[in-house]
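Chemist: So the protein lines, in turn, are chains Y and E. When we follow the working numbering, the leftmost residue of the first sequence carries the number 1, and every step to the right adds one. When we follow the working numbering, the leftmost residue of the second sequence carries the number 1, and every step to the right adds one.
It is possible that part of the hints are untrue.
[Unchecked claim] Simulated coverage check for chain E against chain Y, where a stretch passes if three residues somewhere in it have a Cβ under 8 Å from a Cβ of chain Y: (1) 29-36; (2) 49-56.
[Claimed, not checked] Pulled from the structure, derived: some chain Y residues nowhere near chain E, Cβ distances all over 12 Å: (3) P2; (4) E4; (5) R11; (6) A25; (7) E49; (8) R58; (9) N60; (10) Y86; (11) Y99; (12) H102.
By construction, these hints were calculated from the structure, which means they are not laboratory data. Values in this document were obtained by computation on a predicted structure and should not be read as measured data. The beta carbon of each residue, even a glycine, is placed where N, CA and C say it ideally should be.
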Amino acid sequence: MPAEEALLQARILNVRPPFANFYRAAIGAVDRGAEKVFNRKFTQLTAVEQYDFVGRMRQNQIEGWTGPTGGFIYTLLRTDAVDVVYGTMEGYAALGIPYQAHIVPDKRW
Amino acid sequence: MANEKVDVVIIGAGCSGSVFASVLAKAGKKVVLIESGPDWQLTDLVSSEMWGRRIRPAGAPILLEGKNPMGYAGQAGWGVGGAALHYFANHPRYLVNDYKIKSEHNRALDWPISYQDVAPFYDRVAWDVGMSGDAKAEEIWRPAGQAYPMPPMKSFPNGEVWLKGFKELGIRTAPAPVAMNSTSSRGARPAFMTAGAMSAARPARSPIRSSPIWVKLARPMPKCAPCRRLRAF
């Protein structure tokens, strides 16, 4: 996909396209970090371990971290996730916030 | 087109370029406005958090250098309208002594011009863009000028909390001058209703006189009449 058509937060946070490269680097950094702390990849951690790991990652508190910084990865992924859920007309409704569109989207967002 | 002679070439159809083009075209000048991004139309500005991201810069990232690099792609814009497509419409003025920082504080530099040189243009922008504010309240800390074309926006409950605190501390405040309609009297743009989410391509009513409108104003005069009415977007 051309960068100008991307709707990813990566575009707004000045990531160099193609954005897939950033995501690959981020996944690698997360797995390396998880292996340093727990000796397992991130997907092999328990939910509690993942929660603890992400909490430390977002504060850049994991020793020997390599790749994109943990705080940046967290910000980028979280913003996309939150907007996909709550940045929609349904999401606004769920939060009890009037949408007040001046041009109503013809898709769900 | 490539060999056509023009009076003015403007690079970038953002907030400044589009207004300059409009003013020059209305004055009879032949203007070319060069813009690398899309030629957004008002109908493209769908109120959507996700689709609104299309108006952020695309392509090569902005090179960040220096001791404290700070990404600003989030603040910048892309295409006709530039950052004015999603700015927060705040139009604060510099203070009189902002122009004399070196003289007064031995920091940075003095401007080669003074507040008085710029003041007429502050007032003109307020009327051309369409701003709401309370000039008298601001004139505590700046020289007198014209009134704003519209009264100030109403305070929101959180603003009232701040106002109460400032009042108790004896700090005087003034409503922020903003390019939002506080009344529906100026053209078709309805009074602005909410705080936050003030991007043209996001939900809630847009506060801005969208730059694509200024660009339309710069286009051939026969098209200008309907665009003029659209100004109060």
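Chemist: Which hint numbers does the structure go against, in order from smallest to largest?
Modeler: The structure conflicts with hints 1, 3, 4, 5, 10, 11 and 12, although it agrees with all the remaining ones.
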